[in-house]
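With chain A fixed as given, assemble chain B with the ligands onto it according to the hints.
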Amino acid sequence: MLRIEGLTAEIEGKQILKGIDLEVPKGEIHAIMGPNGSGKSTLSYVLSGREGYDITGGSVTWNGQDLLAMEPEERAAAGLFLAFQYPVELPGVGNANFLRTALNAQRRARGEKEVDAMAFLKLAREKLKKLHMSDEMLKRNVNVGFSGGEKKRNEVLQMALMNPSMAILDETDSGLDIDALRIVSEGVNALRGPDFSSLVITHYQRLLNYIVPDRVHVLMDGRIVRSGGKELAEELEAQGYGQASAA
Amino acid sequence: MNAVTAGAGGFISRFEGLRDRLPGAELEQVRALREEGAATLREKGLPGRRVEEWRYTDLAPVAQAQFTEALTAVGEAPALPAPRAPHRVVFLDGRLAEHLSQLPPHAAPLSARLEAAQDLLAADHGMPLVGLNAMMFEDGLFLDLPEGRDAGTIEVLNIAAHAERPIAFHPRHVIRLAPGAQLTLVETSTGPAGATYLHNPVYDIRVAEGATFTHVRVQREGRSAFQLSTIRARVAAGGTYDNFTLNAGGRLVRNEIHVTLEGPKAAAHMNGAQLVADGQHADTTTFLDHAAPDCPSRQTVKTVLAGKSRGVFQGKILVRQVAQRTDGYQMNQALLLSEEAEIDAKPQLEIYADDVRCSHGATVGALDPEQLFYLRARGIPAEEARAILVQAFLTEAVEGVTDPIAQAALEEAVSGWWEREAA
Ligand SMILES: Nc1ncnc2c1ncn2[C@@H]1O[C@H](COP(=O)(O)OP(=O)(O)OP(=O)(O)O)[C@@H](O)[C@H]1O
Ligand SMILES: [Mg+2]
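Sequences listed follow chains A and B, in order.
Using this note's numbering, the first residue of the first sequence is number 1, and each one after it goes up by one.
Using this note's numbering, the first residue of the second sequence is number 1, and each one after it goes up by one.
Hint data in this document are derived by calculation from the structure and do not stem from the laboratory.
Misleading hints may appear alongside valid ones.
Claimed, not checked - Calculated lysine to any residue pairs in the SDA-like style (CA-CA distance at most 20 Å, straight line):
1. A:Lys113 x B:Pro381
2. B:Lys265 x B:Cys358
3. A:Lys18 x A:Thr61
4. A:Lys139 x B:Glu399
5. B:Lys308 x B:Arg223
6. A:Lys113 x B:Glu384
7. A:Lys151 x B:Asp368
8. A:Lys139 x B:Gln391
9. B:Lys308 x B:Ala387
10. B:Lys346 x B:Tyr56
11. B:Lys308 x B:Asp58
12. A:Lys139 x B:Thr395
13. B:Lys308 x B:Asp278
14. A:Lys139 x B:Gly400
15. A:Lys151 x A:Met137
16. A:Lys129 x A:Ala117
17. B:Lys308 x B:Trp417
18. A:Lys151 x B:Gln371
19. A:Lys127 x A:Ala117
20. A:Lys139 x B:Glu396
21. A:Lys151 x B:Glu370
22. A:Lys26 x A:Thr61
To be verified - Only some residues are given here: those of chain B computed to face chain A with a beta carbon under 10 Å:
23. Gln371
24. Tyr374
25. Leu375
26. Arg376
27. Arg378
28. Pro381
29. Ala382
30. Glu384
31. Ala385
32. Ile388
33. Leu389
34. Phe393
35. Glu396
36. Ala397
Just so you know, even glycine gets a beta-carbon here, dropped at the ideal spot from N, CA and C.
The shape of chain A in the complex, shown without the other chains (with noise of 0.2 Å):
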């Protein structure tokens, strides 16, 4: 379960998340919606710990745990997981090391046995052929030259990979084609189970269409004014945000 209360978060003096109450029990998967620049992704930075930001008040409970303590490979190791709406080039680094070196921190850290080279590969090719990717993938630099819709299918196959029992997917199915999009959802709904909950950030009701979330929320000005069933995503699809907050 997560749990965040009372959230709020500055950068650089000027106030983001005033004031963020939220729940996503185990097993959940919530989206979040929300007009531009209202406070998705710096939420979902906080959450994963990225520096820069002030938390000014409020609190995040992770399974118990005080999850703005934790340092972000802390919060990794421990399954929580941030598909990043930009994902971030690596000139120089080699995807399936850089994969294979992220799994094996992770392992150490939960004091699990690293895997071997032709180990990984087995296990990177199985989730490659499940998200319809190319093996060529790996060879290349992180992100380094991806397309759009294939720097959002790495992140994909990451999680794919790590395994996460908390996924934050940050507009993930920005700038995919239909295909990928079905292919991308097809890759959250298999981790879907008891113990894998989910916060889907988008912009489209399409997406909610293969993912169905539990819950649906609207972030506003650095708030949750509206929280509903999967039908406010139509709502608002229909509508627009102008209706959202004052209904």
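Below, chain B with the ligands alone, put in the same frame as chain A:
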């Protein structure tokens, strides 16, 4: 007499004692070259920081070190690494050690072939370190490839062997490629960790029509050493001089390269990487003279600095009026890993032709926090993430080198540098 000329004074007085015993003493032309070098050094001393080209590199420690020449060869040869190529040339304190070498065809110790090589020894043109070399050189590699000859890859080891007192050696390497010849030279310079020595090589290089010289230099001198090298290469029509220099060792290192593109479609690559750790100073200074039309030139120099260290990049490109349709590219990038590290970068473009394409750029910065966070968000601890990004910068820096023997030599110097030197 100031401290700097005093530093040169020691060299000059030793030259005066040695001049009749140095190789080529019987050759008028060689004697004249040496005297001219002595005159340059007498007039200018070791270059001081008031000289524009030496603004960022202070030779005071060289002047103060009281170097003497190693007049006798070391008794015992140091242990040599396994050869990487079928032909290997080994230098001990600047002298070609034939018994340790597998000399390739058309190669000889310069000291034995001075009569044949003397016309190829270029004047110092007022450069004090070249003058110092001219005055004192004892030996070097003379490689004279005939027309169309493909010499493959030749390995060169420059080893500083004397360790008990500060010695200086000034090898002179003369390399000529006749039309259509091809050569890859992979040079590694090393020396004892704690020894203070000065390695002051000068290269006279001629690349004739359609010839290709790939020159890879791996500088891993001992950490108390000085290396001051000067390369002068002239490239004829359709020829290529492709230099890659890795500066990884030494206390104070300057690597100066002058390339003149003399005929149409001559090409120059002057790429390099500098790994500068605490207490080190590394300087890459290049001068590219586009003196003919239709010539491409490429230069990417990457410097990574840790601890209290200093890096210098000075890159001048001159495009003469005749050099129409020049295609030049220069990029220098520095990665600063500590607040005490410093980089001085001075690109300089001087263009007199009107139809040219010359692009240049520079970046200086610390590790990218976005990249660091991306790695950490995937579970990689901060220190490991930093090491990955430094290694990536280094990998990218040496990526352009394609010769497998050169790659192996570079890889050995580069891998684990961050863990060894900085972490
Ligand atoms: N480094 C920063 N300095 C100043 N303001 C910032 C900084 N980073 C983000 N912001 C501001 O914070 C606000 C929230 O940004 P955020 O990226 O969280 O929005 P978002 O809801 O994810 O928007 P989108 O739908 O466009 O992705 C924006 O107004 C943005 O300009
Ligand atoms: Mg966003």
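Restraint status (C-alpha distance of Lys308 of chain B to Asp278 of chain B at most 20 Å): Holds. Lys308 of chain B to Asp278 of chain B sits at ~5 Å (cutoff 20 Å).
Hinted pair Lys151 of chain A and Gln371 of chain B, Cα distance within 20 Å: Judged against 20 Å, a Cα distance of about 15 Å means the pair holds.
Straight-line alpha-carbon gap Lys139 of chain A to Gln391 of chain B, limit 20 Å: Measuring from Cα to Cα gives roughly 17 Å; hence the hint holds.
Interface hint for Ile388 of chain B, Cβ within 10 Å of any Cβ on chain A: Result: holds, 6 Å to nearest chain A Cβ.
Pairwise hint evaluation, Arg223 of chain B against Lys308 of chain B, where the allowed Cα distance is 20 Å at most: 14 Å, holds
Agreement of Lys139 of chain A and Glu396 of chain B with the hint, judged by alpha carbon distance not exceeding 20 Å: 15 Å, holds
Pair hint outcome, Lys265 of chain B versus Cys358 of chain B [Cα-Cα no greater than 20 Å]: 15 Å, holds
Cut-off 10 Å, beta-carbon criterion: hint that Arg378 of chain B touches chain A: This hint holds: Arg378 of chain B lies near chain A, its Cβ roughly 4 Å from the closest one there, short of 10 Å.
20 Å Cα cutoff - pair Lys113 of chain A, Glu384 of chain B: Holds, at about 18 Å.
Satisfaction of hint between Ala387 of chain B and Lys308 of chain B, Cα-Cα up to 20 Å: Distance of about 18 Å is within 20 Å: holds.
Distance restraint between Lys26 of chain A and Thr61 of chain A, which requires alpha-carbon spacing of 20 Å or less: 13 Å, holds
Closest C-beta approach of Pro381 of chain B to chain A relative to 10 Å, hint status: 5 Å, holds
Hint check: no violations occur; every hint is consistent with the structure.
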